[in-house]
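Peer 1: Now for the letters of each chain:
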Amino acid sequence: MLEVRGLVKHLGGKPVVNGVDLTCRAGEVIGLLGPNGAGKTTTLRMCYGFLRPEAGSIRIAGHDLATDGDRARRALGVCTQDDTFDTDFTVRGNLEQTARYYRPKIENLAARIDALLAQFGLEEYADQKPDRLSGGFKRRLMIARSVVHGPQVVFLDEPTTGLDPQARMAVWELVARLRAEGMAVVLTTHYMDEAERLSDRLVLLQDGKVRASGTTRVLLGDVVGEHVVILAHAAPEAGSAADWLRARGDPLTAVLSDWHVALDAAGLAAFVAAFPGLRYEVRPPNLDDLFLALEREGRR
Amino acid sequence: MSAVRRIFGPALAWQSRAVLARHLRVHLRNWHTAVIPPLAEPLVMLLAFGVGLGSQIGNLVWGGAPADYLPYLAPGILAYTVFMTAFFQSIFSAYMRMHYQKSWEGQLTTQVRLEHVVWAEMLWAATLATFYAVVVCLVLAGFGVAGVLQLHWTWLPLAIPLLFLAAVAFASVGLFFTAILPSMDHMGLPFFLVILPIGFTSSTYFPLPALPWLETLVLANPLHHLAEGLRWLLLRGTPTTHLAYAAALSAVMLLLLVPIDLRLLRKRVFGDA
Chain X
10 MLEVRGLVKH
20 LGGKPVVNGV
30 DLTCRAGEVI
40 GLLGPNGAGK
50 TTTLRMCYGF
60 LRPEAGSIRI
70 AGHDLATDGD
80 RARRALGVCT
90 QDDTFDTDFT
100 VRGNLEQTAR
110 YYRPKIENLA
120 ARIDALLAQF
130 GLEEYADQKP
140 DRLSGGFKRR
150 LMIARSVVHG
160 PQVVFLDEPT
170 TGLDPQARMA
180 VWELVARLRA
190 EGMAVVLTTH
200 YMDEAERLSD
210 RLVLLQDGKV
220 RASGTTRVLL
230 GDVVGEHVVI
240 LAHAAPEAGS
250 AADWLRARGD
260 PLTAVLSDWH
270 VALDAAGLAA
280 FVAAFPGLRY
290 EVRPPNLDDL
300 FLALEREGRR
Chain Z
7 MSAVRRIFGP
17 ALAWQSRAVL
27 ARHLRVHLRN
37 WHTAVIPPLA
47 EPLVMLLAFG
57 VGLGSQIGNL
67 VWGGAPADYL
77 PYLAPGILAY
87 TVFMTAFFQS
97 IFSAYMRMHY
107 QKSWEGQLTT
117 QVRLEHVVWA
127 EMLWAATLAT
137 FYAVVVCLVL
147 AGFGVAGVLQ
157 LHWTWLPLAI
167 PLLFLAAVAF
177 ASVGLFFTAI
187 LPSMDHMGLP
197 FFLVILPIGF
207 TSSTYFPLPA
217 LPWLETLVLA
227 NPLHHLAEGL
237 RWLLLRGTPT
247 THLAYAAALS
257 AVMLLLLVPI
267 DLRLLRKRVF
277 GDA
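Here the protein sequences come in this chain order: X and Z. If you use the numbering used here, the first sequence corresponds to residues 10 to 309, in order. If you use the numbering used here, the second sequence corresponds to residues 7 to 279, in order.
Isolated chain X, as found in the complex (with noise of 0.2 Å):
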């Protein structure tokens, strides 16, 4: 559905994507992530046709976006991280007004504004305007207007930034609906527990190249470690514990009055051995250390 290869972008004479690839098949989601700067929102601006690569191909649905835009666009949904719903139409004027801009035109039009306004929860404020919305609301809006020319492949830049514990999970029921109907969906999070929980594969850029890619456990893994031992600065023995640590070579990282430590089943067996009396928490690594663990990169 979309097959992206060797992206390559720069902008202000730096390079901000330097040969980035990415693949999402129908009726899956892909999460896209990686720190501030790494080049995701350039990547999908090229995807939506905003930016124009300096190398590399962008196919959505087996159209090519530099040669065939036309049908690679009509294939295409976009729901960008900002509302920009048109103010002057309602919630129904806007899912009518922006079907106005696909051809070939949307059959069964009002059938289908009707079916996505029930299946987004929108009825009851179909002739209000968008801006008196709910914060929740409006994202709803936003995703049903990216939809509403049945597009193959959906990109949904942060769609639940600021929005409630209740609206997000309104949202995520969404675009769990979005794959069940067969959609390709890219989506941008900086939750990690919205990547973890909606995306089947992740895909994590860094300086603007592929860092790693696959399921959750998987790239945090390779990049992190198998387990992440928290530390408290205050806990007896701590100090002493913290210099093996860094002994061993494995970064400490401080966080508030702890420190984070990534270690292999080894590294950890090692650990429990050397300070048989130390109080310390253990747990999987999560995506905040996936990006803890980045930033340490970058720092060297």
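Just so you know, these hints were derived from the structure itself, not from any lab. There's no promise every hint is true.
To be verified - In the DSSO-like style, the derived pairs of lysine-lysine whose C-alpha atoms are separated by at most 27 Å in a straight line are:
1) LYS108(Z) - LYS138(X)
2) LYS114(X) - LYS108(Z)
3) LYS108(Z) - LYS147(X)
4) LYS138(X) - LYS114(X)
To be verified - To be clear about the criterion: a stretch of chain Z counts as covered by chain X if any three or more of its residues have a C-beta under 8 Å from a C-beta of chain X, and this derived list gives those stretches:
5) 187 to 200
6) 215 to 222
For each residue, glycine too, the CB sits at the ideal point set by N, CA and C.
Starting from the structure of chain X, add chain Z where the hints point.
Peer 2: What follows is chain Z alone, placed relative to chain X:
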């Protein structure tokens, strides 16, 4: 030829028409309030300047013969209305849609591309400017019916296509400023530094003084040729080269400015040169 097609081709694309229809749809919902300014402004100007000030001025010399001020003013108001409306729409309204409403970005996530959005803005500004000009024509006709204004009325409908072309060209200048203005706070600068000076040195409201440098400068001013061309047409019933100059200058402006506007707006909207 391919360059001309590249510049003007998107104007005729279905995407441009879809965005243009959007602007029309929004405008028609408020047509009753939207029609008041174009109706009131020329009425006030013709009454205040044409009838009021004109009676103080008496006759002025134009085209080598005496002329009353009211008929002198009427074609000038027509040209000025098109000029100001096209500028205002393409600077203020387009900036609002681009920057605050973000409706451009919403359109650009569909099959609509930037060249369609830009052409739709220019065509909409020109459509509205031409509609306002038609309203001015009706006001002038009302003065004619009242017996206070005599013009060669049959030429009036024939001037409309030229007014539309000039309005598209003026809108391309407006979009240039839309592309480069850093913020809404700077919106007054093009009006006071560029638009008003052009507006008042274009033979719209009064004959230009016989200054050699000014006479040379206005040769490149399409508004001057539009106002003078309409004046010869409506006062004397004579088509002159002013009309051809106005059309040619408008075409040249479009050929030069549309690619520049697109390049600047691409950088502004997408951050890409």
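Peer 1: It remains to establish, for every hint, whether it holds in the given structure.
Peer 2: Checked hints:
1. LYS108(Z) - LYS138(X): Holds, at about 15 Å.
2. LYS114(X) - LYS108(Z): Roughly 24 Å separates the two Cα atoms, so the pair holds.
3. LYS108(Z) - LYS147(X): Satisfied, since the Cα-Cα distance of roughly 14 Å is no more than 27 Å.
4. LYS138(X) - LYS114(X): Given pair LYS138(X), LYS114(X) holds - Cα atoms ~25 Å apart, limit 27 Å.
5. 187 to 200: violated (count 0)
6. 215 to 222: Answer violated; 0 residues pass the 8 Å Cβ test.
Checked against the numbered hints above, the structure breaks hints 5 and 6 and satisfies the rest.
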